[in-house]
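*Asks:* Here is what each chain is made of, one letter per residue.
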Amino acid sequence: MAVFQTSDGPVWKRRTTRQQWLTWIAWLIGAAIVVFSAKLISDKTIWFFVLDAGVQAADMAERMVPPKWSYMEDLWKPVWDTINIATLGTMIALVLAVPVAFLAARNTSPHPTVRAVALFVIVSSRSINSLIWALMLVAIIGPGMMAGVIAIGLRSIGFCAKLLYEAIEEIDTKQVEAIEATGASGPQKLAFGIAPQIMPAFAGISVFRWDINIRESTVLGLVGAGGIGIQLDASISTLAWTQVSLILLVILGTVIVSEWVSAKVRHAII
Amino acid sequence: MPDPGAATYPGTWKKPPLIKNDLLRWGLWLSAAIYLALALGTLEVNWSRVAEGIPRGGKFLAAFFPPDIFSRWDSILDGILESIWMTVISTVAGIGLSVPIGLGAARNLSSRPVYLFCRGIIAVSRTFPEVILAIFAVKLFGFGPFAGFIALSIGTIGFYAKLLAEDIEDMDPVQAEAIRATGASWFQWINYAVQPQVMPRMIGLAVYRLDINFRESAVVGIVGGGGIGATLLTAFDRYEFDSAAAILLIIIGIVMCLEYTSGYLRRWVQ
Numbered sequence: 234m235a236v237f238q239t240s241d242g243p244v245w246k247r248r249t250t251r252q253q254w255l256t257w258i259a260w261l262i263g264a265a266i267v268v269f270s271a272k273l274i275s276d277k278t279i280w281f282f283v284l285d286a287g288v289q290a291a292d293m294a295e296r297m298v299p300p301k302w303s304y305m306e307d308l309w310k311p312v313w314d315t316i317n318i319a320t321l322g323t324m325i326a327l328v329l330a331v332p333v334a335f336l337a338a339r340n341t342s343p344h345p346t347v348r349a350v351a352l353f354v355i356v357s358s359r360s361i362n363s364l365i366w367a368l369m370l371v372a373i374i375g376p377g378m379m380a381g382v383i384a385i386g387l388r389s390i391g392f393c394a395k396l397l398y399e400a401i402e403e404i405d406t407k408q409v410e411a412i413e414a415t416g417a418s419g420p421q422k423l424a425f426g427i428a429p430q431i432m433p434a435f436a437g438i439s440v441f442r443w444d445i446n447i448r449e450s451t452v453l454g455l456v457g458a459g460g461i462g463i464q465l466d467a468s469i470s471t472l473a474w475t476q477v478s479l480i481l482l483v484i485l486g487t488v489i490v491s492e493w494v495s496a497k498v499r500h501a502i503i
Numbered sequence: 020m021p022d023p024g025a026a027t028y029p030g031t032w033k034k035p036p037l038i039k040n041d042l043l044r045w046g047l048w049l050s051a052a053i054y055l056a057l058a059l060g061t062l063e064v065n066w067s068r069v070a071e072g073i074p075r076g077g078k079f080l081a082a083f084f085p086p087d088i089f090s091r092w093d094s095i096l097d098g099i100l101e102s103i104w105m106t107v108i109s110t111v112a113g114i115g116l117s118v119p120i121g122l123g124a125a126r127n128l129s130s131r132p133v134y135l136f137c138r139g140i141i142a143v144s145r146t147f148p149e150v151i152l153a154i155f156a157v158k159l160f161g162f163g164p165f166a167g168f169i170a171l172s173i174g175t176i177g178f179y180a181k182l183l184a185e186d187i188e189d190m191d192p193v194q195a196e197a198i199r200a201t202g203a204s205w206f207q208w209i210n211y212a213v214q215p216q217v218m219p220r221m222i223g224l225a226v227y228r229l230d231i232n233f234r235e236s237a238v239v240g241i242v243g244g245g246g247i248g249a250t251l252l253t254a255f256d257r258y259e260f261d262s263a264a265a266i267l268l269i270i271i272g273i274v275m276c277l278e279y280t281s282g283y284l285r286r287w288v289q
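Chains X and L, in that order, give the protein sequences. Mind the numbering: the first sequence is residues 234 to 503 in the numbering used here, read in order. Mind the numbering: the second sequence is residues 20 to 289 in the numbering used here, read in order.
For reference, chain X alone in the conformation it holds in the complex (with noise of 0.2 angstroms):
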């Protein structure tokens, strides 16, 4: 906020001209940084396919419909493994997120440089995807619905720890320190103090996660990690275009339903 003293009286301005100048070259920068990321992508980019898409698209899309009906026969396994391979890796994921996130936490964590060793734990889970983590595992432990378990689980810890942990540090000190006057003792205080305050936290975060999972769980059958992900890279690369819609349709319908029941079990807890 500024005010100006001119020939006319005081005019007032929402910014100095310090900070007018400030924000233009804010812009500037910003401006100038896209600017240059588009140029470097389009010199990457062959021009001529991209203005072929179009007809591409259609093509595409004439082959596409109507969807085969009868491969579903072959999609109900797979779904149901994609399931399994999201339920098991959530499970996987908050038995490990638990003590990460006391660890992490500012006021249960016994020393800092334990806390940042949990901190990078969190990050180096939470930065790389699940993606790249059945890749890793797929090439450590072969392929198949283990592989794609392991990863979802360890991508999860990161997700999870970090919102439970932030649930921990917002704790009402009180309750605990009133558990703490009954003598109770460091685990006792755990439990009747702490936890039952980040319970509906923890049951937010459990179904919330499981939700993401079943989305990525989806497509972790393309790097050979079980789900149906291995039979839409199958349709693909096979050009079954027909197949392909089919599996669309079907990730579909499971990211509604597990939406669905995400949404009734947390709108339950909270």
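Take the hints with a grain of salt, since some may be wrong.
Claimed, not checked - Have a look at the derived ranges for each label pair, beta carbon to beta carbon: (1) X:Gln421 to L:Asp256: 32 to 42 angstroms; (2) L:Asp189 to X:Ala294: 29 to 39 angstroms; (3) L:Leu268 to X:Ala417: 49 to 59 angstroms; (4) L:Gln194 to X:His344: 44 to 54 angstroms; (5) X:Lys277 to L:Leu55: 47 to 57 angstroms; (6) L:Asp256 to X:Val298: 28 to 38 angstroms; (7) X:Lys310 to L:Leu42: 31 to 41 angstroms; (8) L:Phe84 to X:Val298: 45 to 55 angstroms; (9) X:Glu410 to L:Lys33: 19 to 29 angstroms; (10) L:Tyr211 to X:Lys310: 32 to 42 angstroms; (11) X:Trp302 to L:Leu55: 55 to 65 angstroms.
What the hints assert, rightly or not - Here are the computed lysine-lysine pairs in the DSSO-like style, where the Cα-Cα straight-line distance is at most 27 angstroms: (12) L:Lys158 to X:Lys272; (13) L:Lys158 to X:Lys277; (14) X:Lys395 to X:Lys422.
Because the hints were derived from the structure by calculation, they are not lab data. The beta-carbon is built from N, C-alpha and C at its ideal position, and this holds for glycine as well.
Starting from the known structure of chain X, arrange chain L on it as the hints suggest.
*Replies:* Just chain L, lined up with the frame of chain X:
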């Protein structure tokens, strides 16, 4: 000396169960156990294969260390830069498209048909993971970062437009009414009543989406969408796990930097 007339209180205390109905509680436990047994049954773990694989897995893990940045430095740098440009441009483009869609998808701003149309766009782009979007973008636009840019932009719409719409629906209607009472036109109304209320949160979310897009840009490369993912996949395919480890560490490092910057930026905005 206890008073003989006083009521006797129980000496022990047990935590009341979360679900009061015994039948329901045990039923839930039982169905959870049955599901778990069924799900674990589908895993098809071949334990002898696992026992054989563990030393081999150990060798694979050992191959990741020490990370080797230098022998593939040129292609790593190229991939990282491509990912960064892709991230910037797709975040900007995605948010640019999200604003009109988000305004249309807010129930208190738009008419019923527009609302349903915009919600439909959001639902479709939210359902499919970026990887599936990238597969189709690669089919339509050819290999390279342009396909990744399209996939990430569409992914951004699903995320950003939805949150923008929800934020607008939650805004304070009193301020909006006050601006409208001054005789403001629709654009003035949006600019002075709606925009200031949603802006701080939206800037934070934009930075957060930048962060997500960078992480996803590592994945779209696996299906041919350009960026660091392509380099990573090549490293895995050539069994150069030390280069792959270096790439993963670089991704983690950049995501950590982004996270700190975004935290700082959000505090500065609010």
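*Asks:* Please go over all the hints and tell whether each is borne out by the structure.
*Replies:* Each hint, compared with the structure:
{"no.": "1", "hint": "X:Gln421 to L:Asp256: 32 to 42 angstroms", "result": "53 angstroms, violated"}
{"no.": "2", "hint": "L:Asp189 to X:Ala294: 29 to 39 angstroms", "result": "37 angstroms, holds"}
{"no.": "3", "hint": "L:Leu268 to X:Ala417: 49 to 59 angstroms", "result": "43 angstroms, violated"}
{"no.": "4", "hint": "L:Gln194 to X:His344: 44 to 54 angstroms", "result": "47 angstroms, holds"}
{"no.": "5", "hint": "X:Lys277 to L:Leu55: 47 to 57 angstroms", "result": "48 angstroms, holds"}
{"no.": "6", "hint": "L:Asp256 to X:Val298: 28 to 38 angstroms", "result": "35 angstroms, holds"}
{"no.": "7", "hint": "X:Lys310 to L:Leu42: 31 to 41 angstroms", "result": "33 angstroms, holds"}
{"no.": "8", "hint": "L:Phe84 to X:Val298: 45 to 55 angstroms", "result": "50 angstroms, holds"}
{"no.": "9", "hint": "X:Glu410 to L:Lys33: 19 to 29 angstroms", "result": "23 angstroms, holds"}
{"no.": "10", "hint": "L:Tyr211 to X:Lys310: 32 to 42 angstroms", "result": "57 angstroms, violated"}
{"no.": "11", "hint": "X:Trp302 to L:Leu55: 55 to 65 angstroms", "result": "32 angstroms, violated"}
{"no.": "12", "hint": "L:Lys158 to X:Lys272", "result": "22 angstroms, holds"}
{"no.": "13", "hint": "L:Lys158 to X:Lys277", "result": "17 angstroms, holds"}
{"no.": "14", "hint": "X:Lys395 to X:Lys422", "result": "22 angstroms, holds"}
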